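Asks: Chain by chain, the residues:
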Amino acid sequence: MNSSSTDRGRLPAVRIAGVGLGVLGAVGGVAGWFTLAGGADPATSSLTQTSGTVVAGASNIGQAVGPAHTRTGGS
Amino acid sequence: MVATARWDALGTWCEVLTAEDDDLPGAAEVARAHTAGLDRACSAGTDSELAAVTNGRPQRVSPLLAGAVAAALRTADFSGGRVGPGAGWRAVRLDTRSSLLTVPEGVELDVGPSAKAWLADRIADFCADELGIGCLVNLGGDIAVRGAVPPGGWQVEIDDAQPGPEGRPVIPMDWPGGLATSTAAVGNWRTVTAAARSCEHAFAASRTAIGLGDGAPRWLTQRELPARLVHADGVVVHTNGWPRQRWIA
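Going line by line, the protein sequences match chains P and W. Heads up: the first sequence at position 9 corresponds to 9 in the working numbering, and the numbers run straight through without jumps. Heads up: the second sequence at position 228 corresponds to 228 in the working numbering, and the numbers run straight through without jumps.
Note that these hints are calculated values from the structure, not bench results. Because the structure is a prediction, the values reported are computed rather than measured. Where is the CB? At the ideal position from N, CA and C, for every residue including glycine. Treat the hints with caution; some may be incorrect.
Now the in silico label distances, taken between C-beta atoms and shown as ranges [to be verified]:
1. W:D21 to P:G74: 25 to 31 Å
2. W:G11 to P:G66: 26 to 32 Å
3. W:W7 to P:G74: 16 to 22 Å
4. P:G66 to W:G86: 39 to 45 Å
5. P:G74 to W:A5: 18 to 24 Å
All chains, please: the whole structure from these sequences, using the hints.
Replies: Here is the structure:
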């Protein structure tokens, strides 16, 4: 959930993206908003309200529960 | 206990995971039959069913080929034509009720990429609906999940090709739906991973978004799609709803 001040302004178009709908989605949910049950990250949603969706570096470090079962990407 | 089977298929790899050991043989058998069928239907080359129908006349095709072409056309529509199955795809006609397919002469359809995502959904649906098996089906990184999941959800590593010092991100996938990643060597985004209600939708979203430049997060947000985008300069962008992630070495 880190969005340092140095990150702000690096991608102005990205920073704008999602702020409008993001606020609605984070606060109460836009009708039909696709929400990932359980694992959805409120911290990221909170970040979206204040500074767009840019996240730099390690964020959202959750509870470790062992190795990955599978992977996506990189193929 | 999670059980896994993996083998080469469709020019990539197929992986089937079940939350219970006893369920794996049945799920893997379903997946093997489906991947072999899709290979016969639309693999590259001249031996496939698809290659035989590109003659401009309506022809009845197998359910697998009809489904794969339908998925390719849906993906093309969703992407606004950015992710089409080849030049001339707009002239392709498919009657999904009768499985009559018309491919104009000279049009070469490549339905493989979207077909893999669609097939992952189809396999997972069959396992859940017909066999009562909760599973994760992964076709070359296009992932479909249905039914019961292990405690904490399926743990899915997001492979960015260039992991940072904190390691590689892992998310818990515990929703019935899909996850897919697109990768590009050039352009604004290195990778885009999208989550959706189906693997086909996630594939279409990630493949479209990666070509959209700085407008990609907005495009995904407007479509209410949680996603993780890695910019070419390394900055990571999450859209709303992206799952809480952890890191592994």
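Asks: Each hint needs a verdict: does it hold in this structure or not?
Replies: Results for each hint:
1. W:D21 to P:G74: 25 to 31 Å: holds, 28 Å
2. W:G11 to P:G66: 26 to 32 Å: holds, 31 Å
3. W:W7 to P:G74: 16 to 22 Å: holds, 19 Å
4. P:G66 to W:G86: 39 to 45 Å: 42 Å Cβ-Cβ, so the 39 to 45 Å window holds.
5. P:G74 to W:A5: 18 to 24 Å: holds, 20 Å
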